[in-house]
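**Student:** Those sequence lines, one after another, are chains A and B. The numbers in the working numbering rise by one with no breaks, and the one at position 376 of the first sequence is 1547. The numbers in the working numbering rise by one with no breaks, and the one at position 164 of the second sequence is 1492.
If you are wondering where the hints come from, they were derived from the structure by calculation, not from laboratory data. Please read all numbers here as calculations on a predicted model, not as lab measurements. Heads up, some of the hints might be wrong.
[Claimed, not checked] Covered by chain B, according to a simulated footprint, are these stretches of chain A (three or more residues, beta-carbon under 8 Å):
hint, stretch
1, 1234-1245
2, 1264-1274
3, 1375-1382
[Stated by the list, open to error] Pair ranges (Cβ atoms, derived):
hint, chain 1, residue 1, chain 2, residue 2, range
4, A, Gly1440, B, Pro1456, 39 to 45 Å
5, A, Ala1361, B, Val1475, 38 to 44 Å
6, B, Val1475, A, Glu1223, 46 to 52 Å
7, B, Thr1441, A, Ala1467, 29 to 35 Å
8, B, Thr1441, A, Arg1287, 35 to 41 Å
9, A, Asp1501, B, Pro1466, 26 to 32 Å
Glycine residues also receive a C-beta, built at the ideal position from the N, C-alpha and C atoms.
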Amino acid sequence: MYAIDAGQEATHAVGQDALMTLLREHARDGRLLAYLNESTDASYARWVLGGEETPYADLVSVELSLPDASERRALQVLSGSHGPVTQRQLHEWKVWDLGFTKVGPMRGAPVPDELRSAAWGVPHIMKAGIDPDIYKACMHGVLDIGHPAIQANYALALQLLRERLIATPRTFWYIRGLRVDVMGRFLDPARHGQPGKFDFHYLIELLDGELSGWRPAGTNLYGFRQLPATLRLGRIAAAYQEAMPRGTNACRANGEHDPAVAGAGDGDGRPLCFTDATDRAIYRWYARSIIDELMAIGPIPAGANITTLQQLAGPLVSSSQGHLGIPLIDRMGQAITLETVHAKAALQLLSANQLPARQGDVLVRNLFSQRCGRTP
Amino acid sequence: MTHAPKGMRRLARMVGIALLATGWLVATPALAGSDPAGRVTLLPIVEDDDHIMQTWLGVPMRRYAFGMRRWLEDGLAAHGGRAADAAELLRFQQQLRRATFSHFQYSYTLDGTEYTRIYLGVSGRPFPDLVNASYRGPRNLVVPANVQNYFNTDDIVSFGSVGPVDGSHVTPEPPTANTPHRTNDAEIKVLQAIMPTSPAGRCVPVGGFSVSSARCRARPARRRSGSSPRKPMPTCTSTTWKEAPTRRGP
């Protein structure tokens, strides 16, 4: 029943991903719990940032302890798919995937022709890996709504749909529920007709699946390492926010944050300087924005005669936004913690038959003890 | 924002367990086998490397969990939203652990335009039936008097979760010694829900149904880890029903 080819394929995919490989190799040595207990989200952040986390904190150069047997094997496995991988490289991947980096490399890169006219938010678009046509389509037509967080959900959903369509043979599109017609209505409504309520539900359902899973990072179309879907969502929302009138004045001309006006994150409601903020900080800003935008729209009536904005907001009311289980409105930032990321990667490993069910259980308990303050 | 009431946290934990069950849907593509009548095609999906079946099955699961939370919040409101005793919520917890879910897309053409609706289903009994009758402790949970739109349904998304539908043409096979009782199965409920709501007679179905349905038989996990290949915990199938040869997409 479990084809051998499929198993090898799954192994190969796992072997491409830094976090999944680390988890699997530690689990193989019976050291999964020890590995997880090495750090919490907060202690890991303090370590890589060399102090308390702020939205603008830069990574410090950390000293890596000698790799243990599990980590050495993880390096071997990853070297099989990426060429020689050093311990430092593995560390840098992990830090990137967890959202501790900014947009420095994107600001230094040449702007692709199709993005020249976008003017705003270009480094964020490049880091989020959103195609220029999708970025623009989600500012116009039914999505000309001035709600950056809601627009970001649709832009990322369309991007993920396109990525799936490209990766899937055409004959499997129907079986897997991949609908190219939805894509057409957003990108070329003059030819395919305006997008409607089904399209909105469909895209947010697809997005929810992506946000709840963990995918090995590839390279995005701008040549950068692809971020996890949750962090892409924050970056694309930041791009739309910057394109808003009076989008942000929290940055200085050189792109660094202006301490006098830039938001300090968490309880501080002032706008962030996105070009100087980490992916994690931007995600936390996004998580508050999406709640604010949906609350401002208010309860969605069940009837058929509702505004386009209500139609766009409706599916998001039942979206779990990258949380495992129901999102707790006061803890939206948990969707990107080290514990949640580990749990998602572990569920993916379980699904690919690469982790014993009992080890997966250990991980999920770890997540819930963090989330609920005790073990179930 | 205020802190989530305790009951909510407890439920969030239970929902997490339910989601873990989704994570276990292990899956492997297989070729379609046609039904002799030529009307229904079943496609077992045994591998889900790209997470797509889990994506579709996650939709009814999430809606159901959100709905259950809202229902329990209303049910516990009379007691100030205080957490109920775990024993009082036992059957809700069991339901989340055991329920199967289905996700249907149904497309039809009306005046030359294609429309699609989404039908979600969950197995098991409606919420009021899950109140633990044998619970002897102090009671906190009261069936809410007003029925809200707990599943956030609209004219596109329906949720089939309530008991048997009267007058439906869709009936489960009668249970026999070898087959389980199917009246409350997720797929049956969805099919029953489609009949009264689709604009029959006014449309020509072209797309048909696309169903992801977890029929997971929980198998005892092999507890000892060893060199022998492990079997995954649940066995799941995904099915696609078609009314006619399908035309989908451009």
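**Student:** Are the hints correct? Go through all of them and say.
**Tutor:** Going down the list of hints, with the structure as the test:
no., hint, result
1, 1234-1245, "violated (count 0)"
2, 1264-1274, "violated (count 0)"
3, 1375-1382, "holds (count 5)"
4, A:Gly1440 x B:Pro1456: 39 to 45 Å, "holds (42 Å)"
5, A:Ala1361 x B:Val1475: 38 to 44 Å, "holds (43 Å)"
6, B:Val1475 x A:Glu1223: 46 to 52 Å, "holds (49 Å)"
7, B:Thr1441 x A:Ala1467: 29 to 35 Å, "holds (33 Å)"
8, B:Thr1441 x A:Arg1287: 35 to 41 Å, "holds (37 Å)"
9, A:Asp1501 x B:Pro1466: 26 to 32 Å, "holds (28 Å)"
Comparing the model with each numbered hint stated earlier shows that hints 1, 2 do not hold.
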